[in-house]
Amino acid sequence: MQVGELLFQIAEQGVTLRCGKTEDRLHYTPAGALPPNLVAELKAHKPKVIQILREDEEYRRTGIIQCERQVFKLAREYFGGQHEKKHWRGE
Numbered sequence: 000m001q002v003g004e005l006l007f008q009i010a011e012q013g014v015t016l017r018c019g020k021t022e023d024r025l026h027y028t029p030a031g032a033l034p035p036n037l038v039a040e041l042k043a044h045k046p047k048v049i050q051i052l053r054e055d056e057e058y059r060r061t062g063i064i065q066c067e068r069q070v071f072k073l074a075r076e077y078f079g080g081q082h083e084k085k086h087w088r089g090e
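Using numbering that gives the first Met the number 0, the letters of the sequence shown correspond one by one to residues 0 to 90.
Any given hint might turn out to be false.
Computed spacing ranges between beta-carbons, pair by pair [to be verified]: (1) Arg53 - Glu11: 19 to 27 Å; (2) Phe7 - Tyr58: 12 to 20 Å; (3) Tyr58 - Thr21: 17 to 25 Å; (4) Ala10 - Cys66: 12 to 20 Å; (5) Arg60 - Ala39: 30 to 38 Å; (6) Tyr77 - Gly31: 29 to 37 Å; (7) His26 - Phe78: 30 to 38 Å; (8) Pro35 - Ala10: 13 to 21 Å; (9) Asp23 - Phe78: 18 to 26 Å; (10) Ala74 - Ala30: 31 to 39 Å.
Restricting the straight-line Cα-Cα distance to at most 35 Å, the calculated cross-link-like pairs of lysine-lysine (DSBU-like) are [unchecked claim]: (11) Lys47 - Lys72; (12) Lys42 - Lys72; (13) Lys45 - Lys72; (14) Lys20 - Lys72; (15) Lys42 - Lys20; (16) Lys45 - Lys20; (17) Lys47 - Lys20.
Hints listed in this document are in silico derivations from the structure and should not be mistaken for laboratory results.
Glycine included, each C-beta is placed from N, C-alpha and C at the ideal position.
Kindly generate the complete structure, drawing on both the sequences and the hints.
Encoded structure:
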């Protein structure tokens, strides 16, 4: 599973992830809410998930975009996360 899909599935479970600023530990709430398969995937992708969480925290703190992924996230939020494809025709 790719990290984006993993984070999506975790969010679908109503789970919030966080990590320390310096320690490489992940925490999630509510405790015990993730099924074993997602916990295993989270452990497998732990370094990347921590990197993403830290980039997001830095963006919230400074307002400076740290990576391309944040650009896409902001675009989805701004344009409403529409899933259907639309072709621009100047309408």
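Taking the hints in turn, this is what the structure says about them:
no. : hint                      : verdict
1   : Arg53 - Glu11: 19 to 27 Å : holds, 23 Å
2   : Phe7 - Tyr58: 12 to 20 Å  : holds, 19 Å
3   : Tyr58 - Thr21: 17 to 25 Å : holds, 18 Å
4   : Ala10 - Cys66: 12 to 20 Å : holds, 19 Å
5   : Arg60 - Ala39: 30 to 38 Å : holds, 31 Å
6   : Tyr77 - Gly31: 29 to 37 Å : holds, 35 Å
7   : His26 - Phe78: 30 to 38 Å : holds, 31 Å
8   : Pro35 - Ala10: 13 to 21 Å : holds, 18 Å
9   : Asp23 - Phe78: 18 to 26 Å : violated, 34 Å
10  : Ala74 - Ala30: 31 to 39 Å : holds, 33 Å
11  : Lys47 - Lys72             : holds, 17 Å
12  : Lys42 - Lys72             : holds, 23 Å
13  : Lys45 - Lys72             : holds, 20 Å
14  : Lys20 - Lys72             : holds, 22 Å
15  : Lys42 - Lys20             : holds, 18 Å
16  : Lys45 - Lys20             : holds, 14 Å
17  : Lys47 - Lys20             : holds, 14 Å
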